[in-house]
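The chain contents come next:
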Amino acid sequence: MGRKLLLEHINVPGINTFDVYRSKGGYASVEKALKMTPEEIVEEVKKSGLRGRGGAGFPTGMKWSFLAKPEGVARYLVCNADESEPGTFKDRYLMTYIPHLLIEGMIVASFALGAKTSYIYVRGEMMPQIRILERAIAEAKAKGFLGKNILGTGYDLELYVQPGGGAYICGEETALLESLEGKRGNPRIKPPFPAIAGLYGCPTVVNNVESIAAVVPIINEGGEEYAKIGIGRSTGTKLISAGGNVKKPGVYEIDLGLPVEEFLYSDEYCGGIANGKRLKAVVAGGSSVPILPANLFMKTINNEPRLMSYESLSDGGFVSGTMMGSGGFIAYDEDQCIVRNTWNFTRFYHHESCGQCSPCREGTGWMEKVLHRLEHGHGRMSDMDLLVDVSKKIEGNTICPLGDAAAWPVASAIRHFRDEFEWHVTHGAEATVRNFGLAHYADPLPKPEVLA
Amino acid sequence: MLRVEDAQVSVEFSPELLNKMADAVTRYPEGKQKSALLPILHYVQAEFGWVSPNAMDQVAAFLKIQPIEVYEVATFYTMYLLKPSGKYVLEVCRTGPCGVVGADKIMDHIEKTLGVAEGEVTTDGLFSWRGVECLAACGFGPVLQIGPEYTFYENLTESSVEKLIGDLRKKKD
Ligand SMILES: Cc1cc2nc3c(=O)[nH]c(=O)nc-3n(C[C@H](O)[C@H](O)[C@H](O)COP(=O)(O)O)c2cc1C
Ligand code: SF4
Ligand code: FES
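One line per chain: the protein sequences are A and B, in this order.
Residues 22 to 473 in the working numbering are what the first sequence spells out, letter by letter.
Residues 201 to 373 in the working numbering are what the second sequence spells out, letter by letter.
Don't read these hints as lab results, they were simulated from the structure.
Some hints here could point you the wrong way.
What the hints assert, rightly or not - With the Cβ distance kept under 7 Å, some of the chain A side facing chain B (calculated, not the full set):
(1) Pro107
(2) Gly108
(3) Glu146
(4) Met148
(5) Tyr181
(6) Gly186
(7) Arg205
(8) Gly265
(9) Pro270
(10) Gly271
(11) Asn296
(12) Asn365
Glycine included, each C-beta is placed from N, C-alpha and C at the ideal position.
Go ahead and model the full structure; you've got the sequences and the hints to work with.
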């Protein structure tokens, strides 16, 4: 069983209140960090090997060390709690049940970065979580952990919660900053990066909820201890949101490096596929990452067991691998239709495109139309090449990575499930009433009893 | 889309609403009061059930920005309702992972139960419904939310949806 660094106390009654959280060792990292220098804190985070948990996996310590520090200019820490990537629901879970962990991490991180005002940008749909965070902030402030002269150290910090207005694109960090400035969520052209010119043109760090929360155990136990967990450059623990057709959907904290087979089939985690069905495909890191058929997902192309780590999941590149992304794990059983799912995701990206770049705005629209006709039995054999062609023309040609995020799921679905797409063309009428099924993808499947 | 006929509706901001607006602008540095726009539009919608052109003009005046700066934001973000809707707007997640566990059936069932198409209001003015994108609750799908508190209802079934609608119908306030 893996160690729980973030969720250890999640089931303690009242852990959402300051007093109970404190009685379980909460806010110790603030006491410790305020006795360190900001540079020492950044150093610990570097040593921990923590990589951003929002999707891109960029080393957090390095990001912090890039922050510009011009004299007399405010610096900001903004927490990205926009969590809109389909398949991902870990941040909402963390904020709902253990909000003080995020507040604690925000205080330590703000101190390390020299921020005197910090914001948690929460997607507007999470009004209940916004209330929860505001209550937690008020509690922490009443106890002297926020506001003026924190714990008598002379450090001042104000922490505010900002609601979004419903837009996936505001998860992209520069769109988020635009939104926080009260504007439409149009991503900015980079450079300049937020570390140089972010919120209000000032140096800014944007970090995911889970990244900020992970700073707490890193400071408490030291970066080196944290780095002992995991495998290779995938250090520490990771929250995985498990959904789709698994027996036990939910948020799990795993040690990075856990074999995917164990994650999927052991009772400690997903408990296998629901209703005794077989696994057909997996989206391992949220809707933006390539979808893999079960056989490619369980083992790498070299026939080694695949692990839940940044490196192992991407082993084989886009030919036979995928990505860790934000840890939004979606399992598809034998009854699911890949064409329908691809159409649904593409509809999502088309809907969520901010519209600034023509390849993204128009390309997602065209892909949606073509996928719609394939799903509804009016497709053509040339459609698959057409889709790949459009996806290639989006990829790499846009201001922000939403374009890539829209292109990859389509390209990978056609790469791995072309026969299912073709069947939709050759069996147009039938495809509207039944699904293609499992074909050869599920092979080989592990036997649950072997795993005990 | 903003509709011309809605521009005729004028609204009066309550003292509580104005207080909340004044409080919101204190969260940002001097001169950056425009940052309060998204939170303020949520307050406005919670008070009136939608965001009318007249309300937006008042928000613009309050924040000392141009009305167009408010319109462009209100039309960009999906949560802001730009026309009067039912008292309860059932917002059902229609994205992939919820689709895998039956979101389509739930939306069909809501449509049948309420007897109105997506975006329309029931004749008693109580309900509207619409499909929305992933609500970060994918493991507990299908899900729907109801503003202005954005309460979540998870693991929906046809009967749980019927019960929910029935309960809301009976609710008096
Ligand atoms: C379209 C798009 C959506 C994104 N959505 C999120 C999100 O919801 N939450 C998040 O933390 N990061 C999201 N990101 C990644 C952020 O841009 C950014 O990399 C991240 O917040 C950095 O934090 P981290 O280094 O702690 O991961 C998104 C990126 C893109 C391109
Ligand atoms: S890639 Fe799409 S979402 Fe990103 S800036 Fe361009 S149009 Fe907007
Ligand atoms: S797909 Fe419905 S909540 Fe994520």
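Here is what the structure says about each hint:
Checking Pro107(A) against chain B: minimum C-beta separation of about 4 Å stays under 7 Å; hint holds. The restraint placing Gly108(A) at the interface with chain B holds, with a minimum CB-CB distance near 5 Å, inside the 7 Å limit. Checking Glu146(A) against chain B by beta carbon gives a least distance of about 6 Å; that is within 7 Å, so the hint holds. The restraint placing Met148(A) at the interface with chain B holds, with a minimum CB-CB distance near 4 Å, inside the 7 Å limit.
Taking 7 Å as the C-beta contact cut-off toward chain B, the hint placing Tyr181(A) at the interface holds, the least distance being around 4 Å. The beta carbon of Gly186(A) comes within 3 Å of a beta carbon in chain B, closer than 7 Å, and the hint placing it at the interface holds. Proximity of Arg205(A) to chain B holds as hinted, the smallest CB-CB distance being about 4 Å (cut-off 7 Å). A distance limit of 7 Å between C-beta atoms decides the matter here; for Gly265(A) the minimum to chain B is near 5 Å, and the interface restraint holds.
Given the 7 Å rule on beta carbons, the hint for Pro270(A) holds: about 4 Å separates it from the nearest Cβ of chain B. Look at Gly271(A): its Cβ gets to within about 5 Å of chain B, closer than 7 Å, so that hint holds up. Interface hint status for Asn296(A): violated, as the beta-carbon distance to the closest one in chain B is roughly 11 Å, over 7 Å. Because the closest C-beta pair between Asn365(A) and chain B is about 5 Å apart, less than 7 Å, the hint holds.
Hint 11 from the list above is the single one not met by this structure.
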